[in-house]
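*Asks:* Given the structure of chain A, go ahead and fit chain B onto it with the hints provided.
One line per chain: the protein sequences are A and B, in this order. Quick note, the first sequence lines up with residues 1 to 284 if you use our numbering. Quick note, the second sequence lines up with residues 1 to 391 if you use our numbering.
Heads up, a few of these hints could be off.
Here are the simulated distance ranges between beta carbons [claimed, not checked]:
1) Y267(B) / F277(A): 27 to 33 Å
2) E26(B) / F277(A): 58 to 64 Å
3) A301(B) / A238(A): 21 to 27 Å
4) S17(B) / E244(A): 53 to 59 Å
5) T65(A) / E26(B): 33 to 39 Å
6) T19(B) / D184(A): 32 to 38 Å
7) Y143(A) / F7(B): 39 to 45 Å
8) R90(A) / L28(B): 49 to 55 Å
9) P207(B) / L255(A): 38 to 44 Å
10) I222(B) / F277(A): 56 to 62 Å
11) E227(B) / V217(A): 38 to 44 Å
12) D302(B) / L255(A): 43 to 49 Å
13) T65(A) / M293(B): 18 to 24 Å
Simulated from the structure, these hints should not be mistaken for lab results. The beta-carbon is built from N, C-alpha and C at its ideal position, and this holds for glycine as well.
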Amino acid sequence: MTDLRFTGTDRYVATEDLMTAVNAAVTLGRPILIKGEPGTGKTQLAEEIARGLERPLLQWHVKSTTKAQQGLYEYDAVARLRDSQLGDERVHDIANYIVKGPMWEAFEQEIQPVLLIDEIDKADIEFPNDLLRELDRMEFYVYETHQTVVAKHRPIIVITSNNEKELPDAFLRRCFFHYIRFPDADTMRDIVDVHYPNLKKELLNEALHAFYDLREVPGLKKKPSTSELLDWLKLLLAEDVPPEALSGDDRRKTLPPLHGALLKNEQDVHLFERLIFLNQRDGR
Amino acid sequence: MLIQFFFMLREGGIKVSITEFLTLLEVLEKRIAGYSVEEFYYLARACLVKNEALFDRFDRVFSAHFKGIQELFGDDAAEIPEEWLRRNFERLMSDEDKALIESLGGWEKLMETLRKRLEEQEGRHEGGSKWIGTGGTSPFGAYGYNPEGIRIGQEGSRHRRAVKVWDKREFRNLDDSVELGTRNLKVALRRLRRFAREGAADELDLPDTIESTARNAGLLDIKMVPERHNAVKVLLFLDAGGSMDDHVRVCEELFSAARGEFKHLEYFYFHNCVYEGVWKDNQRRHSDRTPLMDVLHKYSADYKLILVGDATMSPYEIHYPGGSVEHWNEEAGATWMKRLLLTYPKAIWLNPEPVNRWEYTASIKMMAELMEERMYPLTVRGLEEGMRALG
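With the rest of the complex left out, here is chain A:
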């Protein structure tokens, strides 16, 4: 098991610090908590670990109404009530109404799976606390059927957070932590290469320039992120926009083509238009 090493995949560029953190978590069988700007590939990381290490991937997407219990199992009381009213035979065995959650599924896998707990900060404040023992011991007790479920192999648990709520210390202590920084221009070039290997060099250079310029504009409500850059490049390719359209002096004087992929907020577009107007005036 120790020779398992995640080194990124053919469609995911992992920086050295990210690889170190992931490998530590994989080896010790402890959860890894991933934070970072939206659109830097937090969720995708779990998919790529699963792909890179050839493990099954189980996903648990957390919402504001999600309870920790739902990750373990749920007791479908309504179904049982209906069955009892209809006189179904199944009603006598409560085990028929226990619905397994993603954690239970992960514990039952024959080979070590990857379990993604996505956007844990969306849930109630108590949510992480309710999972402490399960993440630590990788086992839990089912009250309805009096059985203890123990993980066959400690799953590789990847937890993502957007920092909307602070996570309790007791929870953090049990995790490895990694913060995905916004990639610098070189890493970004690698990332784009992985996604669009046939992209023309000039187009990429101009696009990256325009993109980083745009991120530098002060006062943007939502800075465009990696995933938005990739979407935008896809559009540029589809529309066959020539590199010249992005380049040179008029970069600060016109909106970049297909800017809708980068600016997702009408205030930001207005702000940018105002800046362009000022630049044009100064340029004259």
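*Replies:* Relative to the frame of chain A, chain B by itself:
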């Protein structure tokens, strides 16, 4: 050596627990990392620091502790491959520039200066001048070869050797007393969430329905509850104009964040200090005022009061009738402030002025006293503290 590092981290304000420290040792024992300092740095960070806001502190402690020890690893990272430098600059230079170099004592001498400069920067670093060419510190900026500044450390990955990763202190911006932006503010404001169920019962209460049905011998007995939502009510008073012009941006961000976050949000503007009248529209501030008395009567005491202002004014504006700069006030600002605070016991003042200036401004001290010290800086951390005081 690591025990000492552990205590240094704790002294440095990173509350590392014993279990986390043991985890680090366990990882080291399993030999996930090779023997490089860099990998050890990444591992230690992943194990011991759980908040990106603390990364910078960690970098500083790490750098302080491993400065001497790093020599044991025999790392030669401080050396800069000359060939690499040469390649880089040759690409940047025109023939004219090359001629200029000759006049300055030739290429070798220039390289020597540059190397010294780079070494110097590694030693210092607190100035954050990793950008060669910024602020006129680089010979290249000065001689005009490279007015835009080239980021030397990033140009080739083989150059990113161990020491620099933490000495770069790239997470400096994330320390939580500076960062702004609506999203951060919203997150901070979220501390004030109080979920409550009130209003019309229009949601099926499943557990209660099941229990009642069971009690009812299996006959369906449906129970409904009202929807759950944020029940916090907020009254926002914003200082507008005058000295607040410097802080327009942060106030706008706070305002838009608050608007998105609270369902029950009422806001009013005032100037410098609260007097008998406030207004909702700055364009019609003189014609369309709401008497403060009406506000006090209209909004119940369970509203939380947030005042935003720099509280920078003449002390007369707070303590004397007629002290206001814009109109004749019958009663002193302090009197109106006391009335406000009497009606709304849960109140805070957010001040966009930097904390270190508070002490030197008499009116800020007076206002903080009126607020019973519930004045907080308008930063994310200040906002969090304020929300805690309100909650």
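*Asks:* Next step is simple, just say for each hint if it's right about the structure.
*Replies:* Structure-based check of each hint:
1. Y267(B) / F277(A): 27 to 33 Å: Given about 30 Å between the Cβ atoms, the range holds.
2. E26(B) / F277(A): 58 to 64 Å: This hint holds: roughly 59 Å between Cβ atoms.
3. A301(B) / A238(A): 21 to 27 Å: Hint violated: Cβ distance 59 Å, outside 21 to 27 Å.
4. S17(B) / E244(A): 53 to 59 Å: 57 Å, holds
5. T65(A) / E26(B): 33 to 39 Å: 37 Å, holds
6. T19(B) / D184(A): 32 to 38 Å: 34 Å Cβ-Cβ, so the 32 to 38 Å window holds.
7. Y143(A) / F7(B): 39 to 45 Å: 44 Å, holds
8. R90(A) / L28(B): 49 to 55 Å: This hint holds: roughly 53 Å between Cβ atoms.
9. P207(B) / L255(A): 38 to 44 Å: Between P207(B) and L255(A), where Cβ atoms are some 53 Å apart, the hint is violated.
10. I222(B) / F277(A): 56 to 62 Å: Roughly 60 Å apart at Cβ, these two residues keep to the hinted range, so it holds.
11. E227(B) / V217(A): 38 to 44 Å: 40 Å, holds
12. D302(B) / L255(A): 43 to 49 Å: 47 Å, holds
13. T65(A) / M293(B): 18 to 24 Å: With a Cβ separation near 43 Å, T65(A) and M293(B) fall outside 18 to 24 Å, so the hint is violated.
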